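Asks: Each chain, written out:
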Amino acid sequence: MLVKIKVNGELRSADVPPETTLLKMLRESLDLTGTKLGCDVGDCGTCTVIVDGVSVNSCLMLAGRANGSEITTIEGLADSNTLHPLQEKFEEHGALQCGFCGPGMLMSAKDLLDKNPDPSIHEVRDALSGNLCRCTGYTKIIEAVIDAGRVMRKEISA
Amino acid sequence: MATRNKDIQTDTDQVIKTEKAKSPSSQPLSVPTDNPVVYPLDLPQGEARLRTPAVGQRASRPDGRLHGLGQTQYIDDITFPHMLHAKILHSDHAHARIVSIDTSEAEKMPGVLATLTGAEVPENSFGPTFQDQPILAYPIVRHRGDGVAAVAAVTEQLAMEALEKIKVEYEPLTPVFDPLEAIEDDSPKIHGESNIYTSKIIKKGDVEKALKDSPHVFHRQYTTQMVEHVPLEPQATIASWDGNGRVTIWSSLGRITLGREDISRTLAIPQSRIRLIGTIVGGNFGGKNEIRNEPIVALLSKKSRRPVKCVFTRDEEFTSSTIRHPFIMDYTTGVNDEGLILARKIRLVLDGGAYCSWTGTTIGKGSILAPGPYNIENVFVEAYAVYTNKTTTGAMRGFGAPQVCFAYESQMDEIANKLGIDPLEIRLKNGFSENSLSPTSQTLQSVALKESLNQASDRFGWKEWKA
Amino acid sequence: MWYPIGFTVLANPSAATVKVNTDGTATLLTGTVETGQGALTVLGQIAAETLGLSTDDVHVVSGDTDVTPMDTGAIASRTTYVTGNAIVKAAEKAREILFEAAAPLLNVKPNQLEARDKRIQVLGFPSSSIPISDVVQHSESVVGNPAIGSASYNPPTLAMDPETGQGKPFNTYVYATQIADVEVDDETGEVEILKIVAVHDCGTPINPMLVEGQIQGGISMGVGFALQEEILFEEGRQINPNLTNYIMPTSLDMPELEVGLVDNYDPTGPFGAKGAGEPTAVPTAAAIMNAIYDAVGVRITSLPATAERVMMAILEKQDSEKTAATG
Numbered sequence: 001m002l003v004k005i006k007v008n009g010e011l012r013s014a015d016v017p018p019e020t021t022l023l024k025m026l027r028e029s030l031d032l033t034g035t036k037l038g039c040d041v042g043d044c045g046t047c048t049v050i051v052d053g054v055s056v057n058s059c060l061m062l063a064g065r066a067n068g069s070e071i072t073t074i075e076g077l078a079d080s081n082t083l084h085p086l087q088e089k090f091e092e093h094g095a096l097q098c099g100f101c102g103p104g105m106l107m108s109a110k111d112l113l114d115k116n117p118d119p120s121i122h123e124v125r126d127a128l129s130g131n132l133c134r135c136t137g138y139t140k141i142i143e144a145v146i147d148a149g150r151v152m153r154k155e156i157s158a
Numbered sequence: 001m002a003t004r005n006k007d008i009q010t011d012t013d014q015v016i017k018t019e020k021a022k023s024p025s026s027q028p029l030s031v032p033t034d035n036p037v038v039y040p041l042d043l044p045q046g047e048a049r050l051r052t053p054a055v056g057q058r059a060s061r062p063d064g065r066l067h068g069l070g071q072t073q074y075i076d077d078i079t080f081p082h083m084l085h086a087k088i089l090h091s092d093h094a095h096a097r098i099v100s101i102d103t104s105e106a107e108k109m110p111g112v113l114a115t116l117t118g119a120e121v122p123e124n125s126f127g128p129t130f131q132d133q134p135i136l137a138y139p140i141v142r143h144r145g146d147g148v149a150a151v152a153a154v155t156e157q158l159a160m161e162a163l164e165k166i167k168v169e170y171e172p173l174t175p176v177f178d179p180l181e182a183i184e185d186d187s188p189k190i191h192g193e194s195n196i197y198t199s200k201i202i203k204k205g206d207v208e209k210a211l212k213d214s215p216h217v218f219h220r221q222y223t224t225q226m227v228e229h230v231p232l233e234p235q236a237t238i239a240s241w242d243g244n245g246r247v248t249i250w251s252s253l254g255r256i257t258l259g260r261e262d263i264s265r266t267l268a269i270p271q272s273r274i275r276l277i278g279t280i281v282g283g284n285f286g287g288k289n290e291i292r293n294e295p296i297v298a299l300l301s302k303k304s305r306r307p308v309k310c311v312f313t314r315d316e317e318f319t320s321s322t323i324r325h326p327f328i329m330d331y332t333t334g335v336n337d338e339g340l341i342l343a344r345k346i347r348l349v350l351d352g353g354a355y356c357s358w359t360g361t362t363i364g365k366g367s368i369l370a371p372g373p374y375n376i377e378n379v380f381v382e383a384y385a386v387y388t389n390k391t392t393t394g395a396m397r398g399f400g401a402p403q404v405c406f407a408y409e410s411q412m413d414e415i416a417n418k419l420g421i422d423p424l425e426i427r428l429k430n431g432f433s434e435n436s437l438s439p440t441s442q443t444l445q446s447v448a449l450k451e452s453l454n455q456a457s458d459r460f461g462w463k464e465w466k467a
Numbered sequence: 001m002w003y004p005i006g007f008t009v010l011a012n013p014s015a016a017t018v019k020v021n022t023d024g025t026a027t028l029l030t031g032t033v034e035t036g037q038g039a040l041t042v043l044g045q046i047a048a049e050t051l052g053l054s055t056d057d058v059h060v061v062s063g064d065t066d067v068t069p070m071d072t073g074a075i076a077s078r079t080t081y082v083t084g085n086a087i088v089k090a091a092e093k094a095r096e097i098l099f100e101a102a103a104p105l106l107n108v109k110p111n112q113l114e115a116r117d118k119r120i121q122v123l124g125f126p127s128s129s130i131p132i133s134d135v136v137q138h139s140e141s142v143v144g145n146p147a148i149g150s151a152s153y154n155p156p157t158l159a160m161d162p163e164t165g166q167g168k169p170f171n172t173y174v175y176a177t178q179i180a181d182v183e184v185d186d187e188t189g190e191v192e193i194l195k196i197v198a199v200h201d202c203g204t205p206i207n208p209m210l211v212e213g214q215i216q217g218g219i220s221m222g223v224g225f226a227l228q229e230e231i232l233f234e235e236g237r238q239i240n241p242n243l244t245n246y247i248m249p250t251s252l253d254m255p256e257l258e259v260g261l262v263d264n265y266d267p268t269g270p271f272g273a274k275g276a277g278e279p280t281a282v283p284t285a286a287a288i289m290n291a292i293y294d295a296v297g298v299r300i301t302s303l304p305a306t307a308e309r310v311m312m313a314i315l316e317k318q319d320s321e322k323t324a325a326t327g
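Protein chains in written order, with our numbering: chain A, 1 to 158; chain B, 1 to 467; chain C, 1 to 327.
Derived from the structure by calculation, the hints contain no laboratory data. Fair warning: this is a prediction, and the values are worked out from it, not measured in the lab. Treat the hints with caution; some may be incorrect.
[What the hints assert, rightly or not] Label pairs and their in silico Cβ distance ranges:
#: 1; chain 1: B; residue 1: Ala-467; chain 2: C; residue 2: Gly-297; range: 18 to 26 Å
#: 2; chain 1: C; residue 1: Tyr-265; chain 2: B; residue 2: Arg-97; range: 32 to 40 Å
#: 3; chain 1: C; residue 1: Val-108; chain 2: B; residue 2: Leu-428; range: 49 to 57 Å
#: 4; chain 1: C; residue 1: Glu-258; chain 2: B; residue 2: Arg-97; range: 39 to 47 Å
#: 5; chain 1: B; residue 1: Ala-268; chain 2: C; residue 2: Lys-109; range: 33 to 41 Å
#: 6; chain 1: A; residue 1: Arg-65; chain 2: B; residue 2: Thr-18; range: 39 to 47 Å
#: 7; chain 1: A; residue 1: Thr-82; chain 2: C; residue 2: Lys-109; range: 15 to 23 Å
#: 8; chain 1: B; residue 1: Gln-73; chain 2: C; residue 2: Thr-188; range: 43 to 51 Å
#: 9; chain 1: C; residue 1: Glu-258; chain 2: A; residue 2: Glu-155; range: 23 to 31 Å
Positions of the beta carbon are idealized from the N, C-alpha and C atoms, including for glycine.
Taking the hints into account, I'd like the entire structure generated from these sequences.
Replies: Okay, structure coming up:
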């Protein structure tokens, strides 16, 4: 079946079998391999993308269901001149180690800051609770998200 | 001349128009104006990276930027033209003899280009300590995670369907799951004559006499469980051969020099014919420190003459890669009235799983570290690793240290409580200092134990909290 | 706790190659693999320090058996120490070639020079110096000696006696203390970790930010080991081989962490460094179990200390106290 989506601002489409997940379509049909496959059943969060303004586990969403939607993946977070404040702060704090949870973690964090620009530490922990990380213990990730929030609210410079 | 060209031009234009009118679907669905993949190229690196001297700087990681952009290429992100996908069939039994394997039905399926069984692997054994583990089990399977056959097909879905067509006939053998049962002489044997496949003794002083002379003797048994590394990236491998009979393997292995040696051995080809590329790995923690799928993928690629990729599912990451050894630890410690440790006797039984893997290192480190970082003149440690028909236990962050630390530190607090001594004081009293002797009589240098105890206690506010 | 660096007795060498470019940047070839711990960054810093360059000047190439030299692997917390020492030796060889080329230009002997702040300068008289880039160019195109060095390192050990285990299995060890503060709900057995303080010895921290990351990550594995994680078997079959039923720490399970490093210097390590990868995950479970005892007086001797197990222990304790009181 033909699925048409808008990914990071660009209209793309692919002809995929009906049981294809959005994750598989992004990675295999559209060559957007930034979003990762960690478990394929919605437990680990490495496949997190933003669909019509809501963060979802793309391994649990059928591609067909995403037809006509607007999707943001990790590849669309930066622009050609600057990193997103989240990407900047993650780098500054050394928040990612092996990096595999990174794209999913960043998308969940973006979703949080887009809706709640001044979250408490507990709210950050809560928003990221669906993204597993084995390397970092989450500490520097949380520090980076809080800092990125400050930048986005223009309290500190990037 | 010009007139003739004009006619040809008009004719050509007409032909193009007609063709276009005939097949509208040959036109692109959307003309890309935006780029779905954007990133800045010229941003400066973090300031700490630019300073000298370099040691001690909180330098940001260059791979950190790539991680944040989603640009890091893990193995599953790499594809090649004509690449096939491999899947592995795992055993139905915890302990069994394979009577027959029939892959013919799978081979007949369109889109399935190669199958593999253990009998086809040139040297079907590997292992970092000794080579007791098969690449694909044949003829004996020793745990449910043992692979018995593999297929390579044009899609992952097809490969999984092909696995279902493989017929394996098993003759079940009696399994043993409890290490304390497996250690007995009359238990079912998993390899060879005994299930105890490695043991270690550390002996210093006269522990029996010292225990007899101790005013207080504490005894307790501690046990730990099986845990998995859970690297976020499941194990993955790609293999591809060129016309010179040279194979390139991309792998999530943590050690490629020795990995190449292992692959050379199992495939019976010279090391110079193998290129092993270690990509950025999405977490290892010990589970990716020995070869696993590399020979399988290489052989499937050789048979099919196409690049082959195999990625573990999360399920396989649990059942078919290695896990941490459960320890059963018996600690008997003699102390005097002031809380000074006079003697420590320890017995460790390691649940060694179906194959040896990194058990040699685990039992070695576990035994040496088991008495704890304390000055003890009389020490006796005996440790045994026992085969059981469960998932292979191997290297996992600490090689036995987390298990024994749980035991010796728990007992330290128990002793402190019983004798009414502050847990910090008792550790400072017994702890290593510069030039202390280890349980193996090594003179220790660069010892910072008491400093870490004092600093941690200060930061925690231990004295105020205890008051 | 204490933990060794490197393999038990067995040789576990690492080799490295360092090449300095004509613009004063450098390339490091190492056979190790980046598994997320930041090894490539740290190893680059070690090479940079030896050559007097900044971290960003060194490009690290790793993990290709066709290109990179032998390395026993990213195992046993050995990378900073063993591969790091190999890199120091390799970089020193490349640096020696630069000293040989620069010495006549500065009118001194090679052993009077040092590499610092991207310059080759005279010891004790830094204003007499040449930028490293110029020295490399001179060495390559005038003297005819490209600045390249290869070396290896293996920690010296002594085999353990087979009967008594006595010997010197490792060249160095690290030490650490972790203290946990917990709250136990004595009606459900749920353990909530409020705070963990960790002070670790890693020798000189080559990159303190990365060591902190390792400690925080190691503690999260320790927390899982202590309270949550367990592979359950039934007749040899794993019944929870998935992340729904194999419980491991999420961001909500991790407490506030306070991390510190002991000031220590190991002369056998590269610039005094030892290592950090595994020791970080070692003492956490013990600290939490001891804290549980302190909170509710029950000693858990079997991990993990799930709510059920803690609750059972609390009930047993209450029962035995009742019996003691009435008996």
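Asks: State for each hint whether it applies.
Replies: Each hint tested on the structure:
1. For B/Ala-467 paired with C/Gly-297, a C-beta distance near 20 Å keeps the hint of 18 to 26 Å intact.
2. Evaluation of the 32 to 40 Å hint for C/Tyr-265 and B/Arg-97 yields a failure: the beta carbon distance comes to about 58 Å.
3. Our hint of 49 to 57 Å for C/Val-108 and B/Leu-428 holds, since their Cβ atoms are close to 51 Å apart.
4. Range check, C/Glu-258 to B/Arg-97: Cβ separation about 56 Å, and the 39 to 47 Å hint is violated.
5. For B/Ala-268 and C/Lys-109, the hinted distance range of 33 to 41 Å is not satisfied, since their beta carbons lie about 54 Å from each other.
6. The supplied range of 39 to 47 Å is met by A/Arg-65 and B/Thr-18, whose beta-carbon atoms lie about 41 Å from each other.
7. Judged by the Cβ atoms, the range 15 to 23 Å given for A/Thr-82 and C/Lys-109 is violated: they are separated by roughly 51 Å.
8. Our hint of 43 to 51 Å for B/Gln-73 and C/Thr-188 holds, since their Cβ atoms are close to 46 Å apart.
9. The hint said 23 to 31 Å for the Cβ distance between C/Glu-258 and A/Glu-155, and at roughly 25 Å that hint holds.
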